[in-house]
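Input sequences plus hints: build the corresponding full structure.
Sequences listed follow chains A and B, in order. Residue numbering for the first sequence follows the numbering used here, beginning at 1 and increasing consecutively. Residue numbering for the second sequence follows the numbering used here, beginning at 1001 and increasing consecutively.
Mixed in with the good hints there might be a few duds.
Unchecked claim - Some chain A residues close to chain B (C-beta under 8 Å, calculated; not the full set): (1) Gly14; (2) Ser16; (3) Glu19; (4) Thr22; (5) Arg64; (6) Leu67; (7) Gln82; (8) Lys83.
Note that these hints are calculated values from the structure, not bench results. We put the beta carbon where it would ideally sit given N, CA and C, even for glycine.
Read off the chains here:
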Amino acid sequence: MKYRAKIEVSLKPGHSDPEGETTARLLKELGYTVSAVNVSKVYTVFLEAETSKEAATKAEEMCRKLLANPTKDNYTIAIEEQK
Amino acid sequence: MKREEIRVCILRVGGTNCDAETQRAFQELGVQAETLHVNELAKRRNLLDYQALVFPGGFSFGDYVRAGAILARWLSAKLDNEIRAFVDDNRPILGICNGFQVLVEYGLLPGFEGISEYPEATLAANIPQGYNCRWIYLKQENRGKCVFTSKVPAGSVLRIPVAHSEGRFLFPREKQQKLLAQLVENDLLVFRYCSKSGEYAEGKYPANPNGSFHDIAGICNREGTIFGLMPHPERAFYWWQQPDWTRQERMPQYGDGKLIFESIVDYLTKKF
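Laid out in structure tokens, this is it:
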């Protein structure tokens, strides 16, 4: 089966986000009422697995092995079957 | 082992920089230094023909995912056995800037319990945000374990440049005080950012150029044979690399970075 894993890697709460802070500052200068900006990264991974559970397990492994650093990153995974 | 018999491997990949400066620094000290592409090393599988390994600076694999992460995982997939044998034999591994990021992402540093499966720390985006290239001061904090600073007296201040955008050393927030205590207790702390007169930067820019926790600029592993630092010692090797050389009447022939290379060569001549 073919699956699409949408993996979002974001900073853990409380971690400084210098890119988000800089972006928020500029948005305020442009006249928007913005309290904060958080920057995250989205990886859309196309993979094959027997079941959606297996696809989720593989995506989880990818996060632990490469896509997220447990010191600062959280991640969420959404699996979708591909036709 | 005689100096001229020592072989240093400097690993490069797309995005590496300062490999030529690093090579020249070692050659100036009379040892053999070769710059090798990682694909070549993976093909030859001869890492153990070298007595020291260097991961130079730069932006390996374009800093994609996180700085150093892709090269670290690539190496652990292709050359893990050789790297572990190298570490077990206490052969020195130096990571400069991007090389430090690779060592942390690999799990080689800080390596509280040996090589860790997942990174135990991170080098996060700088605060203030963005790429920062400047000369900074470092205080030597190591009490004698680190073989890369044997020629740098504890408490002395070195002037060496940094050039990076992801250099903010962090431990997981919930464990940072505990891990800092372990770092100090086990003598893994090597360099902290400081002022010209040696006062700790206390997180303040520009003395601390990236917002690093506890002003940490460089650490080693528990054996003292793996060392990573954000500043570039190879860019402070000769007198003419210093920013004020035109304004000085007399300067020492070499910059402070030379002491780190001398320490490595001294260790190698005694060990092998």
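Here's how the hints hold up against the structure:
The restraint placing Gly14 (chain A) at the interface with chain B holds, with a minimum CB-CB distance near 6 Å, inside the 8 Å limit. Nearest Cβ of chain B to the Cβ of Ser16 (chain A): about 6 Å, under the 8 Å cut. The hint holds. Interface hint status for Glu19 (chain A): upheld, as the beta-carbon distance to the closest one in chain B is roughly 6 Å, under 8 Å. Hint status for Thr22 (chain A) relative to chain B: holds, with the closest Cβ pair at about 5 Å, below 8 Å.
For the restraint placing Arg64 (chain A) at the interface with chain B, the shortest Cβ-Cβ distance is roughly 6 Å, inside the 8 Å limit, so the hint holds. Using the Cβ-Cβ criterion of 8 Å, the hint placing Leu67 (chain A) at the interface with chain B is satisfied: the shortest such distance is roughly 6 Å. Restraint check, Gln82 (chain A) versus chain B: the minimum CB separation of about 23 Å is more than 8 Å; hint violated. With its C-beta approaching chain B no nearer than about 29 Å, Lys83 (chain A) sits outside the 8 Å limit, and its interface hint is violated.
Hint compliance for this structure: hints 7 and 8 are broken, all remaining hints hold.
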